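Use the sequences and the hints to build the structure in full.
The residues making up each chain are set out below.
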Amino acid sequence: MNEKDFLHKVRARLDEESDHLDAATLSKLNQARQAALSQLNPQTSRKRKSWMPATGLVAAILLTSVFLFRTEEIITASDQGIDDIEIIAASDDLELYEQLDFYIWIAEDGKHAG
Amino acid sequence: MQHDCVINKRIDKDRILDKTRALDQFLAQIERRAFKIAELAVSNREEALDIVQDSMFSLVRKYANRPPEEWTPLFYRILQSRIRDWYRKNKVRSKWMSWLGLRKSEDGEEMENALESLPDPHGRDPSQVVANEHSMERLDDAIQVLPLRQQQAFLLRTWEGLSVADTAIAMKCSQGSVKTHYSRAVHTLRDALEEHWI
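As they're listed, the protein sequences go chains A and B.
Going by numbering that gives the first Met the number 0, the first residue of the first sequence is number 0, and it counts up by one from there.
Going by numbering that gives the first Met the number 0, the first residue of the second sequence is number 0, and it counts up by one from there.
Because the hints were derived from the structure by calculation, they are not lab data.
Keep in mind that the hints are not guaranteed to be accurate.
[To be verified] Chain B stretches covered by chain A per the calculated footprint, using a threshold of three residues with CB under 8 angstroms from any CB of chain A:
hint, stretch
1, 12 to 19
2, 47 to 59
3, 69 to 79
4, 163 to 170
5, 178 to 191
Computed from a predicted structure; not experimentally measured.
We put the CB at the ideal spot given by N, CA and C, even for glycine.
Set out below in structure tokens:
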């Protein structure tokens, strides 16, 4: 087979493949083309532009809310964490903390008795 | 005065419609081959569709006002550029993966060299390719195994029918390089396929 015939055959097979692309791929290519062409339509692009600040604002509000909510959660969680760490790190016996209510009651009872 | 304004607006509208029709026709005629070229390069349908869509957007946004005869090399220039970007991103991703110890270490070859040499995403060799039964698959596989630059030169010249000069514009390289890549590609493909096609 000479080079010309070989290349002709390659072309024919590639054409055959591209002529038989599946429907889903063809549909996506069509959508991509229409979306790209919509940039030429001033109404569509203006419409899109007028929505952009509003979309941006909504996104900013959402992000801020999520951020604040998460920060609050983190602070609360870390406060509790700090309390726990203080107790664990203290040199006092853990039993003291477990009986804390009892010792407070004894102390208050002593005051009243005194 | 107001009448002139209305006429001008109508002319503008007609001009935009004509341009939209011409571009629609151009893209419709080129999209299947562009998709196939991208798919052969990246071996992934979804990625190939994204690359074609990006290229369409870029062409319409930047070059809609250029003469229609320039659209083909410009479109393929964008497409090639997107494909190279895809390879770069993948290279960076695999470097990170390798750094994180998730994949075997790469050889640290220069990025441009990697693009020039063999970026077959499946890591196959020609003997595996020849073992495929169907000639269509065999053709796809043989093209995919080509180094990216050879693959592009071959497809643009043979399939898209671009001239050497237009292929050079699309590939952002000299006409001499196009000829070299193309000739090597034809040689390799004939070696890999010809005996199965007689």
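Structure-based check of all given hints:
no.	hint	result
1	12 to 19	holds (count 3)
2	47 to 59	holds (count 7)
3	69 to 79	violated (count 0)
4	163 to 170	violated (count 0)
5	178 to 191	holds (count 3)
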